[in-house]
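Colleague: Residue strings, one per chain:
2 protein chains.
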Amino acid sequence: MSMVRDLALSAKAAARRLAAATEQAKNHVLELIAQELWQAQDEVLAANQVDIQNGAAAGMSPALLDRLALNPERLQGMVAGVRQVMALPDPIGEVLETWQRPNGLVIEKVRVPMGVIGMIYEGRPNVTVDASALCLKAGSAALLRGSASALESNRALVGCIKRGLAASEIPPETVQLIDIPERSAVDEMLRLNGILDLVIPRGGAGLIQRVIEQSTVPVIETGVGNCHLFVDDQADLKKALPMVINAKCQRYGVCNTIESLLVHKAIAPTWLPVVVQALVERGVEVRGCPVAREIVPEIKEATESDWATEFLAPIIAIKVVNGVQEAVEHIAQYGTNHSEGIITENHAHARTFLEQVDAAVVYHNASTRFTDGFEFGFGAEIGISTQKLHARGPMGLREITSYKYMVHGNGQVRP
Amino acid sequence: MSMVRDLALSAKAAARRLAAATEQAKNHVLELIAQELWQAQDEVLAANQVDIQNGAAAGMSPALLDRLALNPERLQGMVAGVRQVMALPDPIGEVLETWQRPNGLVIEKVRVPMGVIGMIYEGRPNVTVDASALCLKAGSAALLRGSASALESNRALVGCIKRGLAASEIPPETVQLIDIPERSAVDEMLRLNGILDLVIPRGGAGLIQRVIEQSTVPVIETGVGNCHLFVDDQADLKKALPMVINAKCQRYGVCNTIESLLVHKAIAPTWLPVVVQALVERGVEVRGCPVAREIVPEIKEATESDWATEFLAPIIAIKVVNGVQEAVEHIAQYGTNHSEGIITENHAHARTFLEQVDAAVVYHNASTRFTDGFEFGFGAEIGISTQKLHARGPMGLREITSYKYMVHGNGQVRP
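Line order of the protein sequences matches chains S and E. Those letters in the first sequence? Residues 1 to 415, by the working numbering. Those letters in the second sequence? Residues 1 to 415, by the working numbering.
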């Protein structure tokens with residue numbers, strides 16, 4: 001038997017016991033985990049130092065090293081995150097629907113845990129803690145595979161989690177870390193059908209693509225966001241500028257930031273210079289379609305591939321369009337079904353856009369940066385789904401559960 | 001460009017127009033399709049005859065030929081099925097939840113179509129019509145891949161569907177049949193990420209396994225059912241016998257039929273002879289564990305593999321267990337998460353079983369044969385899911401939809 005399979009099987013056995021745990025028991029173990037994390041601060045930071053030194057020696061970029069680095073403040077953030085998950089209502093056991101059939105059968109649709117959830121993620125060690133806490137509260141075991149670069153940090157963090165579990169009635173195998181460095185461990189993990197119920201990849205496009213290509217276990221695709229804002233001719237331009245700036249500049253490296261701006265041709269001549277200046281002042285490189293470049297000649301030319309690119313950087317592509325219908329078409333062609341918005345005071349235009357754009361979240365008069373579990377009020381987030389199966393958009397506790405039907409009879413047989 | 005990809009792309013374009021269609025428009029086209037099917041009876045039956053002759057010449061088994069065969073009665077059943085789907089409420093546009101955030105953003109969770117749904121299925125031509133009608137009403141285009149053995153029948157049926165569509169405002173490309181005989185067409189279909197939103201395989205375990213192995217498009221796994229009934233020591237045995245007989249004998253070749261019977265040791269000595277006799281009288285071959293064979297020596301020995309087998313035949317394996325906990329453990333080890341039942345008058349035992357057994361549908365005092373979209377009151381069924389992602393158990397119209405969030409603001413930006 002392989003180690004990966006053994007870890008998964010023990011997680012599956014633990015998941016059955018976790019599924020029967022009360023909300024009180026789950027909250028109790030989350031509190032124990034929070035305390036362990038806090039008490040083991042020195043141990044976790046020392047382990048992280050090893051990863052940082054290895055990463056620096058291997059020539060890892062400053063940006064990646066920053067993602068990897070822990071400090072007391074970040075650790076405190078993780079601990080606070082665990083306590084936030086404690087405060088969320090337990091999703092398990094909720095009766096979603098009940099109905100009676102003419103033959104007297106009473107059918108209840110009840111929310112149940114997913115079972116065992118696999119997480120495959122990159123350098124951020126906080127995902128280890130966030131995902132474990134969310135899975136635990138949602139009644140599922142977690143099989144974790146972090147980046148090899150964060151191996152020592154993840155070992156230390158999972159050590160804390162397991163100590164918390166060991167002090168509770170919930171088995172320590174509820175959270176399992178696959179800490180073999182070989183990439184073949186991931187291949188094996190992705191074929192654990194019948195043991196693993198779901199895999200969620202979190203990371204760059206390459207990681208997500210690899211998981212989708214190779215997994216026979218059901219996957220929820222997360223993350224890639226080529227998002228747009230469309231500014232209509234009937235937009236309130238005083239509102240529009242702060243929304244565009246926020247959607248582009250509030251944070252560059254994240255999936256709900258816009259990469260392209262679509263502007264109605266009627267307002268382009270007067271408003272494009274304003275928005276371009278505001279973006280350039282903030283250090284954003286602006287690329288434009290030919291019409292945009294006629295109006296603001298100093299911007300670069302946007303290439304065909306720019307429309308399809310998630311820059312994750314201070315770069316924006318601007319296209320002048322004939323109206324809401326062309327905006328919808330452009331987004332259908334280049335968007336990634338993540339977050340798309342229209343800025344307009346015309347409700348018919350807004351309605352058309354909201355209905356016709358096929359994305360997880362569609363916005364009317366708001367920044368796309370709100371696509372986030374916390375901003376939605378879910379209290380936590382395990383990722384943002386860009387597929388249409390199971391969960392779409394920000395995924396909180398409910399989005400990582402399943403349901404089953406409980407049928408109550410008194411001897412019914414099928415005629 | 002390949003033909004499979006072209007078909008899928010045209011289906012995707014059609015799906016966008018279908019998504020905007022009213023309930024009235026969808027019902028209208030379903031009625032046109034029903035009429036076309038009825039009027040083209042001779043053409044469809046003639047095409048089916050070609051398939052039947054080819055099948056017979058190729059040495060197809062009588063059972064498979066029967067599955068493939070159409071006649072006026074079966075065709076009438078399909079037409080009635082289309083009209084049943086018409087009568088179902090339109091699931092699209094339903095507002096599932098609405099809430100307001102402290103910053104004033106109003107978030108609506110709205111049910112939307114899945115997009116393009118791929119169906120891969122075996123010899124039954126009725127799936128062509130059933131799946132098309134269900135997808136259409138649920139607002140999704142259907143990309144169909146039936147068995148090569150049913151090619152002429154499926155061409156004729158899709159011809160009728162397309163004539164119905166052509167007479168309506170919904171594009172004929174809404175339903176596309178992949179009618180290239182090469183198996184590579186399926187491989188290609190299973191990698192149409194970004195065009196196809198979901199693939200549902202319907203057929204035997206081999207087909208389902210192949211789809212799971214090869215698909216990079218999200219899949220809903222259907223069908224394999226190694227189902228159990230557990231008869232507790234506190235069962236009402238007058239009720240138990242008809243339920244066991246119904247769950248095993250009402251139909252042999254289907255997924256919600258039981259393959260194993262678990263009997264509490266306290267009632268085994270007196271009741272096992274009764275149930276075995278009733279099963280044998282109906283032509284069922286009974287295999288048993290050593291304890292069962294001590295009580296009823298004439299039954300065969302059940303092998304280890306029998307506990308894990310979906311016989312789909314008049315064969316049953318019987319095991320004597322110590323109580324509800326051993327029943328739950330046995331089902332956890334051998335079940336396929338489909339349909340599992342307990343027969344008891346003890347509500348604590350029933351509760352334990354319903355909560356601890358991990359299956360799509362768990363029954364208390366009812367036959368497992370009710371796991372079916374019609375029996376659940378869904379009015380139709382596109383398959384029975386045995387996975388936990390997205391939909392579990394019988395899938396009707398709602399189970400083949402997705403949702404999106406519509407966020408209404410007045411200029412909100414993220415702080």
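By construction, these hints were calculated from the structure, which means they are not laboratory data. Just so you know, even glycine gets a beta-carbon here, dropped at the ideal spot from N, CA and C. Heads up, some of the hints might be wrong.
Said to hold, decoys possible - DSSO-like, lysine-lysine: derived pairs with alpha carbons at most 27 Å apart:
1) K109/E - K239/S
2) K300/E - K109/S
3) K265/E - K300/E
4) K265/E - K109/S
Stated by the list, open to error - Derived list of chain E stretches under chain S, where covered just means 3 residues or more per stretch with a C-beta under 8 Å from a C-beta of chain S:
5) 99-112
6) 139-152
7) 316-324
Stated by the list, open to error - Calculated Cβ distances over 12 Å to all of chain E for the following chain S residues:
8) M3
9) M243
10) A332
11) G341
Colleague: Run every hint past the structure and note whether it holds.
Modeller: To see whether the hints hold, each was checked on the structure:
no.	hint	in the structure
1	K109/E - K239/S	holds (25 Å)
2	K300/E - K109/S	violated (39 Å)
3	K265/E - K300/E	holds (19 Å)
4	K265/E - K109/S	violated (32 Å)
5	99-112	holds (count 5)
6	139-152	violated (count 0)
7	316-324	violated (count 0)
8	M3	holds (22 Å)
9	M243	violated (6 Å)
10	A332	violated (7 Å)
11	G341	violated (8 Å)
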